[in-house]
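Given next are the chains, with one letter for each unit.
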Amino acid sequence: MKAFTYERADSVAAAARAVADKPGAKFIAGGTNLLDLMKLEVETPTHLVDVNRLPLASIEETPDGGLRIGALVRNSDLAADPRVRSNYPLLSRALLAGASGQLRNKATTAGNLLQRTRCYYFYDTSKPCNKRMPGSGCSAIGGFNRIHAVVGASDDCIATHPSDMAVAMQALDAKVETANPDGSAQTIPLAQFYRLPGTTPQIETALTQGQIITAVALPPAPQGTQIYRKVRDRASYAFALVSVAAIVETAGGKIRAARLAFGGLAPRPWRVAEAEHPLEGSTPNATAFAKAGDAVVAGGRGYGHNDFKLPLVKRTLAAVLTAATRAS
Amino acid sequence: MDRSEMRRLHPTRRQVMGTAAAVAILGYTKPGFSTEGNPVAPVPPSTDQAISKVPIRLIVNGTEQNLTLDTRTTLLDMLREHLGLTGSKKGCDHGQCGACTVLVDGRRINACLSLAAMHDGDNVTTIEGLADGDRLHPLQAAFVRRDSYQCGYCTPGQICSAAGMLNEHKAGWPSVVTGELATHAELTEPEIRERMSGNICRCSAYPNIVAAIRDAAGETL
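Listed in order, the protein sequences are those of chains A and B.
Using our numbering, the letters of the first sequence map in sequence onto residues 192 to 519.
Using our numbering, the letters of the second sequence map in sequence onto residues 6 to 226.
Don't take each hint at face value.
As the list claims (entries may be wrong) - The calculated lysine-lysine pairs, modelled on BS3-like cross-linking and capped at a C-alpha distance of 25 Å, are: (1) A/Lys505 to A/Lys445; (2) A/Lys230 to B/Lys95; (3) A/Lys193 to A/Lys230; (4) B/Lys58 to A/Lys193; (5) A/Lys482 to A/Lys445; (6) B/Lys175 to A/Lys217; (7) A/Lys213 to A/Lys193; (8) A/Lys193 to A/Lys217; (9) A/Lys482 to A/Lys505; (10) B/Lys58 to B/Lys95; (11) A/Lys213 to B/Lys95; (12) A/Lys230 to A/Lys217; (13) A/Lys193 to B/Lys95; (14) A/Lys230 to B/Lys58; (15) A/Lys230 to A/Lys213.
These are computed hints drawn from the structure, not numbers from a lab.
Whole structure, please, built from the sequences with the hints as guidance.
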C-alpha cells in the first residue's frame, strides 16, 4: 500500500473542502472496497479524509412519506430497519443478498453506491485496463469475461457494477443527495448518477472531486409486489451473475405498473423503459414476459464466456414476473 | 543528477527484491476468483515513500491502548503486530475468508479491511477477550465440545463472528433466507449457515460449527 496522510473530518463542509483541495485525496467510510484496492495499489490516494464521524448515519422519514437514508448508514442497519423491511422489502432483500454479515456491518450506503467493479483485470495491475489506466486497453474483451456486461458496455470497457443495493434503489426511483465543496447542495436522480463507460470508463459517476454524498432519498413506498431475485454461482456471499429487482402492481387480472432494474448485466444498474411500458395494461403471460426480456437486452451482446447472461436474464425476469403477478 | 534520476539508474536492493517478489507471486496467481470478497491479483512492490503516522487511542479487550502508527496499519495488523494479539488470523487479507473477524463496539467486522486509525475511541474485542478469566465463552466451550475444527486457523474468526451474529439475531435482524422479513426468524440451520457465510473453513468443519453455534444459542438439536 502506498503511503498516505490521514485526517478525520468533523463536518460535511470540511470533508468536502479537504478532498477538493487535494487532487489525490479520497473520502473513506467503511473502507471495505477502497482498502482492498489500496492494498493492491489499484487505488493510490495520497490523502484520506475519514468521514465516519459525520452526522450522516440516521434514517429519517421525509414529509412526502418517503425515507431519507444517511450516507453513513451501514448496510446491515439499513436492511434491518423496520420501515425498510415493511415498506421497501426489495431494498432489504437486495442488501441481505450482498456480501457477508461482517462486510454489511462496515459498508455504508454511499460507499456501496461508489464501489468499483470486480472485473479481474481491473484488480490485476499487471494487465491492461482502461478503467484503471486509461488508454492501456481492455483485457476482458477477448479474455475471461464470464462476469462481464452484456448491455451498456463499450469497446473500451465491459465491466459491470457489482452492487445489489443500487439495483433495488434504481427500481425505487431513489435520488442521491450531495454537498459540494462550495457549500451548495445538489440532488442527482440515481438514474443519472452512473455514467456508461464509452471512451472514458475511468469516469463512473456524475460526482466531481470533493462532492460528497450526504443521503439517498426514497420516494413513498410504491404500490404492488416487490421482489429481488439474485442468481449467482453459490447460495451466499457471491456477486450476481444476474439480478432482477421488480415492483409490480396488478389490478383486475392485468399489470397496472411495472418497474424493473437489473444487476450483473451492465456497467450500472440497468433499467429500460421499453421493457416496462409494454407490460402496463397487459395480461400477465409468458409472451408478455418474453417481450419485456427482449427489450431489456436489446442492442446487447455477449463476449464469449458471458453469452449465457442473455437467456439467463430473460428467464429470471419471466420467473420474477410470474411470481409477482401471482402474489398480487 | 538529482536523487530520483540516480534511483532510476541505480536501483536499490529493495527495489530489485521487490520486483523479484512480484514476479514470484505472479507465477502462482490465477485469474477468475469470483467470491463476493474481491478478486485476488498480484501485489505490486511498494516503492520508497514518506511514511505518515497517526496517534490512536482505543480499548482492546478492556485495556486502553495508546499507539502511534503508520497510517496504513490495518486494525488486524495493529492487533497482531503491535499488540501481540495473534488470535485474530490473517487468512486472505481481503475480506473474503473471515479469519480476522473481531467485534468493534459489539459488532463483527473484518479487521483486515479497516484502518486502525478509523477505530480511535472504539472498543475492540478479539478472541483473547471473549472468555471470563478461566471460564470460556459459551461459544468457545461449544466449539470444544462439538469438535468444530480441524486445523483451527479459522476458529477465532468463526467464534467472534458467531458472537456478533447471535447479537444480530437477538436484535431481530433478518437474513436473505428469512421467509417473512417482518418476523423474528428462528435460528435454524439454514439461517446459521447463511449468517455465517462470511467465514470460510478450508477443513470444511461446517456441520460441527453449526452444531456448536446452535448449542450456544440455546437451541436444541
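So which of those numbered hints doesn't the model satisfy? Hint check: 6, 11 fail, others pass.
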